[in-house]
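Student: Spelled out from the first residue to the last, the chains are:
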Amino acid sequence: MIFTEHRFLFFFLVVFLIHWALPGQRTRKLWLLGASYAFYASWDFRFLSLILTSTIVDYLVGIGLARTQLPGRRKILLLVSIFVNLSILGVFKYFDFFVESASELLKFMGLTTEVPRLNLILPVGLSFYTFQTLSYSIDVYRRKLKPTYNFIDLSLFVAFFPQLVAGPIVRAIHFLPQLRSARRWTRVDVRACLVIFMVGFVQKAVLADHAAPIVDAYFAAPDSYSMVSGWVANFMFLLQVYCDFAGYSNMAIGAAGLLGYQLPVNFLFPYLAGNPASAWQRWHISLSSWISDYVYKPLRRPGQSRMANYRNLMLTFTLFGLWHGASFNFILWGATWGLATVGYMQWSRFRRLHTHWGPLPSWLAVTLFMAWIALSITFFRAPDFGTAWTVIKTLLFLTPAGDLPLEGFGGLLGVGGLSLSLLLLFLIHAANQRGIFRWWVRVPSQVFAAGYGAAVPMVFACTAINVEPFIYFQF
Amino acid sequence: MNRFWLGAVHCLWFVIAWLGVHALIEIVPESTAHVGAKFEYLEKHKNDFEVIFLGSSRVFRGVDPALFDLRMAETGKPISSFNMGIPQMGGMETLHVLRRILGLESGRLRLVVVDPEYVFPYRWGSTLRDTSVHTLDNTLELISMQIALSKGMKFTDRLTSTFRHVNAYLDNVTQRGRISQAIKVAKNSYVELLGPASNGFATIEWSVKLLSRYGDAGNLVKRQRKFRLQHRFIENIALPRVLMVSKQPLPPLMPHEKRYLKELMEAARKSGVQLVFVKLPRAYQAGPRFLEAAQLEELVPNLFNYDDPERFPEFFAFENRWDRSHFNAAGARLMTLQLATDLAPYVRPAP
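Sequence order for the protein chains is A and B.
For the record, in the first sequence the residue sitting at position 323 is 555 according to my numbering, with numbers rising by one throughout.
For the record, in the second sequence the residue sitting at position 185 is 188 according to my numbering, with numbers rising by one throughout.
Keep in mind the hints are simulated off the structure, nothing from the lab.
Virtual Cβ for every residue (Gly too), placed ideally from N, Cα, C.
Check the hints yourself; a few may be wrong.
[Claimed, not checked] Taking lysine-lysine and the BS3-like style, the derived pairs with C-alpha atoms no more than 30 Å apart in a straight line are: (1) B/K229 / A/K625; (2) A/K625 / B/K225; (3) B/K49 / B/K273; (4) B/K212 / A/K625; (5) B/K212 / B/K47; (6) A/K339 / B/K229; (7) B/K261 / B/K157; (8) B/K80 / B/K273; (9) A/K529 / A/K376; (10) B/K261 / B/K154; (11) B/K265 / B/K49; (12) B/K273 / B/K261.
[What the hints assert, rightly or not] Listed next, with one range per pair, are the computed distances between beta-carbon atoms: (13) B/R244 / A/H406: 50 to 56 Å; (14) B/V18 / A/W252: 19 to 25 Å; (15) A/S458 / B/Q233: 23 to 29 Å; (16) B/A76 / A/S458: 43 to 49 Å; (17) A/L337 / B/R235: 24 to 30 Å; (18) A/P409 / B/Q233: 53 to 59 Å; (19) B/G10 / A/L254: 16 to 22 Å; (20) A/M602 / B/I28: 31 to 37 Å.
I would like the entire structure built from these sequences, with the hints used as guidance.
Tutor: Written out as structure tokens, the structure reads:
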């Protein structure tokens with residue numbers, strides 16, 4: 233069930249109406265939990281057992297941590313939680329990759345072995361809820377959060393359907409308190425939630441889904457297309473991946489808000505950041521802050537050298553890449569971001585030491601930065617390393633390109649397709665910056681209702697005909 | 004005004020604005036791509052054809068009506084035929100389209116040659132034609148067809164398939180992708196599906212040339228490239244595997260497959276049109292075998308099975324194929340000539 237499908241809209245309407253019609257917070261939570269499990273089961277009901285296992289283990293670990301003050305025992309409990317959660321993730325997501333990589337390495341060394349493969353289907357959203365449950369155990373261990381004794385609360389925190397399959401990654405420290413207090417309809421900012429839901433819908437169904445076939449066509453046979461087509465396709469993919477994920481996050485925030493719960497903002501126009509360090513404070517914020525809090529900061533030691541810091545950064549970014557998918561492409565993609573961040577930090581240091589080197593003009597910084605991410609995102613999109621290398625060579629004039637032009641949207645419309653999409657994206661950004669959305673939610677209510685009613689069919693008419701699954705579902 | 008009535012007024016504003024804009028958007032022409040493209044043409048020329056070929060892209064890329072007609076004329080049977088093959092046409096859609104064709108009550112149609120795919124799963128997905136086909140009447144028909152045919156199958160599968168029809172109907176009602184449809188029309192998918200001779204047939208070579216102009220040929224090019232790269236694998240592993248599968252005992256005919264075939268034949272019988280089943284070569288991949296099983300049970304009287312590398316090695320020869328599933332122009336020529344030879348006794352020119 234994809235958020236932009238009618239069946240999700242219908243499902244959400246039913247959940248929403250019954251949620252607010254039910255008396256009492258406990259019954260509402262039970263209803264939401266049932267709906268969340270039903271939502272997840274619509275993909276594959278067998279994987280519910282994994283969510284339940286994670287929830288039960290972390291519930292017991294949380295209670296165990298509350299009942300003991302002995303450091304050794306607390307550490308063991310934390311390790312149990314980490315072991316169980318990462319084992320599930322490891323078996324379902326990474327086992328085959330590591331086994332195949334080991335086999336390749338042995339083959340390279342002249343040893344051939346038969347390796348067992350599990351060929352398991354990757355459960356949707358596994359990485360997302362694993363990180364959520366881990367954050368709960370770690371925060372309880374660090375005594376930042378009191379464990380919950382309410383199993384329903386913890387289960388709903390793990391399985392809350394608006395963000396279950398593709399984030400934002402919610403921290404228990406932010407979400408559990410919301411579950412403890414009663415939700416009131418009068419406190420819901422309905423208009424803001426509806427607007428953010430529609431913005432997300434437009435990003436996903438209009439922009440990302442229109443870009444998808446063009447990008448797919450290019451990456452299906454990259455050596456057949458011209459160099460310009462390659463750059464267009466890579467920029468299209470930048471547009472697609474951002475609109476796809478930011479769109480999902482916005483719809484999740486809107487849907488959760490309509491049910492009375494706040495989710496954290498996940499995107500702040502990252503392509504305009506102008507440098508890699510700032511970009512990760514604006515892209516998939518919930519994951520980058522998670523990685524920063526639970527991976528990068530624990531690696532840091534007081535008084536450590538600059539090189540040690542760079543090493544930690546490289547390690548963190550490589551893990552970040554690996555989180556996205558079990559393949560060398562993603563590892564390489566993460567590593568390129570690590571290198572870029574290290575390079576940027578060195579450059580900043582150089583500028584501090586040589587003050588006559590002023591900062592780059594912001595337009596130039598943004599342009600260079602976008603060109604770089606368009607190049608590096610090849611590793612993210614290409615199905616394998618060979619294809620990625622072919623694309624990179626084409627983009628950098630290292631190999632003769634094909635002669636097929638890549639024109640999405642057909643003929644003349646195609647030439648303008650990318651520009652139109654970027655323009656729309658820019659308009660969304662400008663509207664946000666200038667507070668137009670805030671103004672829009674404050675217009676008289678009849679005007680808002682009529683405006684929203686008029687916008688809905690226009691948005692439906694402009695959507696792509698193919699409902700593409702969210703890219704981040706696979707992670 | 005209390006909160007309830009205020010809410011109701013807002014909802015009313017919302018609905019009025021929606022319907023108003025919805026009516027305006029209807030001005031944008033609806034796409035006639037895919038089934039619509041061919042069907043519209045057929046509707047306009049319903050009394051022009053004696054023979055119609057129906058099936059998936061194997062039929063679309065493999066049967067050349069012009070050559071077929073020429074061959075028939077040489078045998079003293081001057082007829083006209085039309086290729087109604089549509090990429091990814093699944094079993095359910097074949098039945099639906101057959102009913103639509105027969106519903107045209109053509110005074111000239113004598114023979115429909117069908118190459119049915121698997122009956123389930125429901126394969127249309129969110130395609131352009133999926134949406135345009137799902138008018139209220141069609142949706143109700145499709146759902147009842149689905150329910151009737153899938154008796155005895157897993158409840159969840161039946162439910163999911165039914166919901167997909169409802170979803171597609173809602174896509175239709177909300178005019179989902181109407182602008183994309185208009186763009187598709189601008190991109191000439193209409194021309195591609197009708198083919199250069201407007202008889203529903205297009206060789207892949209011709210399509211690649213046409214679609215390259217719109218940057219849409221990538222998928223076809225990729226398929227050919229993959230096929231060439233897998234040459235050795237296909238000849239040494241895939242083909243022997245297909246041969247091995249074809250020699251295994253036939254699986255029993257499932258109840259829904261029986262019902263499906265009966266529905267197809269009943270629809271044709273009522274319209275006085277003869278139905279002939281063919282199984283075009285799936286080449287290197289084991290296809291559905293219910294037609295052979297049905298022939299054994301004498302449910303299907305007329306079946307021509309070309310999916311046999313021993314009897315028809317030329318259909319599996321590398322130089323006659325574009326990719327694993329489709330003929331190239333040379334293969335399509337061979338296939339059509341074979342069909343013309345085998346179907347000659349069934350073809351009757353209209354008086």
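Student: Work down the list of hints and note, for each, if the structure agrees.
Tutor: Each hint, compared with the structure:
no., hint, result
1, B/K229 / A/K625, "21 Å, holds"
2, A/K625 / B/K225, "19 Å, holds"
3, B/K49 / B/K273, "18 Å, holds"
4, B/K212 / A/K625, "26 Å, holds"
5, B/K212 / B/K47, "28 Å, holds"
6, A/K339 / B/K229, "25 Å, holds"
7, B/K261 / B/K157, "17 Å, holds"
8, B/K80 / B/K273, "25 Å, holds"
9, A/K529 / A/K376, "16 Å, holds"
10, B/K261 / B/K154, "12 Å, holds"
11, B/K265 / B/K49, "25 Å, holds"
12, B/K273 / B/K261, "18 Å, holds"
13, B/R244 / A/H406: 50 to 56 Å, "55 Å, holds"
14, B/V18 / A/W252: 19 to 25 Å, "20 Å, holds"
15, A/S458 / B/Q233: 23 to 29 Å, "27 Å, holds"
16, B/A76 / A/S458: 43 to 49 Å, "46 Å, holds"
17, A/L337 / B/R235: 24 to 30 Å, "26 Å, holds"
18, A/P409 / B/Q233: 53 to 59 Å, "57 Å, holds"
19, B/G10 / A/L254: 16 to 22 Å, "18 Å, holds"
20, A/M602 / B/I28: 31 to 37 Å, "34 Å, holds"
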